[in-house]
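Chains as they are written, first to last, in UniProt numbering: chain A, 1 to 254; chain B, 1 to 262.
Hint data in this document are derived by calculation from the structure and do not stem from the laboratory. No incorrect hints appear here.
Computed footprint of chain A on chain B, listed as stretches where at least three residues anywhere in the stretch have a Cβ under 8 Å from a Cβ of chain A:
#1 11-24
#2 90-100
#3 200-206
#4 233-243
Bear in mind that the values here come from a model prediction, so they are computed numbers and not experimental data. Using N, Cα and C, we set each Cβ at its ideal position, and we do this for glycine too.
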Amino acid sequence: MEAKAIEAFLLPLSQSGLFELLSPTPPGWGGNLLRGLFNSVQIALGAFGLGLAIGTAGAYGKLYGGPVIRDLLEVYTTIMRAVPELVMILLLYYAGTDLVNRALQGFGYSPIDISGLVAGIAVLGIVQGAYATEVLRGAILAIPQGQIEAARAYGMSPSLLMRRITLPAMLPFAIPGLANLWLIATKDTALLAVVGFNELTLETRQAAGSTKAYFTFFMAAGVLYLLLTLFSNVIIGRIERWSRRGMPSVAGGH
Amino acid sequence: MQDLPRRALRIPPHRIGLLVAASALVIFAALFMRWDWLPDYYGLALAGLWRTIWILVVTCVLGFVIAVPLGLAQAGGPLWLALPARAFCTTIRGTPLLLQLWLLYFGLGSLFPQYPWIRESELWPYLRQAWPYAVLSLTLSFAAYEGEVMRGAFAGVPRGQLEAARAFGMRRSAILRRIWLPQAIHRALPTLTGETVLQLKATPLVATITVVDIYAVAGRVRQDTFIIYEPLLLLALVYLCIAGIIVFAFRRLEARIPARLG
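Isolated chain A (complex conformation) (with noise of 0.2 Å):
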């Protein structure tokens, strides 16, 4: 009886003939998969770097900016944060390539396309941007103020101070922070399917559709997504302890 019910449990799974599906040659639709993994990886990247470069200025103009840009920074980091990611991939998606196109026909070129890609990585950067900015701007607050201090005493200019002390001081505050938000690009991808993007959430959904085996291929997506995590865990914490080299551990620990 119990055996029964389990082998008719276990039927539909069988049928759905796993690797075949998933191996990364055409008649399986593994590759496109892998290259959906790539795609996203790549937007996660570029929008994670994007973000850390606005993340970076808008710290700054937080930090040591004049009252005009602090509240307009305050404004731009508060709307990030609360409306949702796909609303601001709509927004941004169709007013950006709009007011590209028509800043291109204004003068004289003729309107381009542009690539889901590179449409991706700067409406998500922005997201991120909004996001990095409070990260690093608690940052640089958690440095030892002596430190700057003793910094502009020996007359260092503003760029070198920000290169050789700043930035490398911060960054052990700023590590966590910043793997939390690279890890949220990397999910953050998923939300370029809904613009029709080929990232590895619709990739996942087409190759499901054709085959009608979507538990197959959504499982084997959370797989290659939760791999991606992982590995990003690994990595995180090797820069981490590079960046904490010659500080003492904190007492009491795990």
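Dock chain B against chain A, hints included.
Chain B only, in chain A's frame:
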């Protein structure tokens, strides 16, 4: 509290300029953008807004209820409870919510009809709709993220308090109910605000599995009328307001609980 009115009066001059610029933008948007579609979609938008808030509240409450045992199992449970709890949290936090949603909706949705006893069961009318899958996946997601927070919160309660309670002869259930859980929740409260706002930001994903929330309504307006920016801008404003209300409500809640941490 008392110096609030005085502080509100002292608006620095640059802010007056910014306010003027902002109100000019709003007036420009109100006058020169198209809002004639609003009356037609008013009812639909209200229904969508209600569904968004309903999903947000239900999934947050259910998710928190699941998160407490998840955190407890990881912080102080035996290994056979801690390991599955940690695996659950890692898996959910390591994969995109959109993928989980689609896995449940398309995956389970295509698997269920293959079993006749499911089709004959009384739950089938619900399982054919989209919202149970939306609520389930959003609940699991919130539980995993909040479970991680609760793990830290449970572990952060000073050991001395628990030892004192044990020395008083309290039973384990009494310790949990009176000492451990209240202090852990108090510690988790500040992060709960952020998690709830993140959950709000996750709700529009349910539109991809045909649940008509406020985001889906905006998409519908865009499809019907080919007006792109106006519904999206209004949508962003609606989410900003809801996020503002969440932050305000949690701040009130936190203020009501006396801060006395050991």
